[in-house]
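**Student:** Listed below, chain by chain, are the residues.
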Amino acid sequence: MKQAPTPVPPAAGAVPTAAALALGDDALVLSHRLAEWAGNAPVLEEEVALTNIALDLLGQARFLLSLAGDEDELAYLREERAFRNVQLVEQPNGDFAHTIARQLFFSTYQELLFGQLAAGDGPFAPLAGKAVKEVAYHRDHAEHWTLRLGDGTEESHRRTQTALDALWRYTGELFEPVEGLEVDVTALRDGWLTLITKTVRQATLELPTGPQAGAWTAGAGRQGLHTEPFGRMLAEMQHLHRSHPGASW
Amino acid sequence: MVTTRAPLSAPPPTPLEERLRELAGAVPDPELPVVTLAELGVLRGLQMSGPGRVEVELTPTYTGCPAVEAMAADIERVLHEEGIPEVEVRTVLTPAWSTDDITAEGRRKLAEFGVAPPRVSGGGDRSGPVPVSLGIRCPHCGSTDTTLLSRFSSTACKALRRCEACREPFDHFKEL
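So the sequence lines, in the order shown, correspond to chains A and B.
Heads up: the first sequence begins at 1 in the UniProt record's numbering, then just goes up one per residue.
Heads up: the second sequence begins at 1 in the UniProt record's numbering, then just goes up one per residue.
Be aware that a few hints might be false.
Stated by the list, open to error - Here are some of the chain A residues that sit facing chain B, going by a computed Cβ distance under 8 Å:
(1) Val48
(2) Glu134
(3) Gln238
(4) Ser243
As the list claims (entries may be wrong) - Calculated Cβ distances over 10 Å to all of chain B for the following chain A residues:
(5) Gln60
(6) Glu154
(7) Thr197
Just so you know, the hints here were simulated from the structure itself, not pulled from any lab data.
Built from N, CA and C at the ideal position, the CB exists for glycine as well.
Can you build the whole structure from these sequences, using the hints too?
**Tutor:** Here it is as structure tokens:
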């Protein structure tokens, strides 16, 4: 397939483009992953919940990518290496426990991050102030399911522990500083760890003990290095737009 | 009532602006057509920016709410019909919309339609999930003995509940 050059727009005014891309790509990629549950979720209520969360994230992505350039070009015409999302959000849905563990890790982080951004007066404050209230529901959803699965059957407990352990090494990247993003990273990491520890223990699960980064694949999504499943996800997400440029409903 | 903030800092509205705002505010919500945009509290401002030109400020209920585009199109249509050739609808995020912006009349209509209205927070730091279910009344039989089935329902702004008295499921417009 012939591919258009990656349109990375120049920084516009006071908007830190790198940060807008990082946060926008997190939201876009996780939104797409969650939308993959449509038609596949274990029960109808969860199908609706996961896709509603995906819709909230898509709204965030549209706002953030529009700060950085043309939202459609950025979403549909960039190459894998130009995406700046953390590797956590691109991880495949796996079983339901994997999806919930990913949601727990990410929504807890995002609620704390947006809380900080909303308290400031930077270019992300309006969105953060709006979205933090929605993300509180995402986190609430993930926490309830973590409790239910962890403190559920032997099988659900085992699968949830496996999911937490498998995704743990992608969590360190959440706390890497992002250029142009004025947040207190230490407070973010401490707050996150406190909340996650509390939920995991309450769910009768163990906090993973492995490194949060440092494994050879983990921790460079913000630099454009992604894990192997991401390319396939992008191919599916972008193929319609690339095959039919300019098509509309 | 809507919201008292006037983001388009401007002199007091002219009679024409008041009339146009009433028209725009009377547009029904595309997903819950029993309530109007004014009752939902999403219409933030309206101002003539020149002869035959009007600017409207709209705030989304949820960041990803796809209804915003339909709302904007409906407002444009209504104002065109009123003889305004140029209508610009802008979305604003600040201050963030809250379910407290839904008017008393809006709440009444939601309940009548079968959607349990959001509880009023009374201001302060209150947004987000409410752990207790007290006070969510079944819109069918009025019982407060109701159970949460799912935090997300037919749209992101609603949760799905069931009444333990009459056993009917119903939507609850959740607090934001």
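**Student:** Does each hint hold? Answer for all of them.
**Tutor:** Cross-check of the supplied hints:
1. Using the Cβ-Cβ criterion of 8 Å, the hint placing Val48(A) at the interface with chain B is satisfied: the shortest such distance is roughly 6 Å.
2. Interface hint at Glu134(A): satisfied, since its Cβ lies 6 Å from the closest Cβ of chain B, which is below the 8 Å cut-off.
3. Hint status for Gln238(A) relative to chain B: violated, with the closest Cβ pair at about 20 Å, above 8 Å.
4. A cut of 8 Å between beta carbons decides the hint on Ser243(A): the least distance to chain B is about 24 Å, and the hint is violated.
5. Some Cβ of chain B comes within 10 Å of the Cβ of Gln60(A); the nearest lies about 6 Å off, and the non-interface call is violated.
6. Its beta-carbon lying about 25 Å from the closest one in chain B, Glu154(A) satisfies the requirement of being farther than 10 Å from that chain.
7. Every beta carbon of chain B lies more than 10 Å from that of Thr197(A), the smallest distance being close to 20 Å; the non-interface claim holds.
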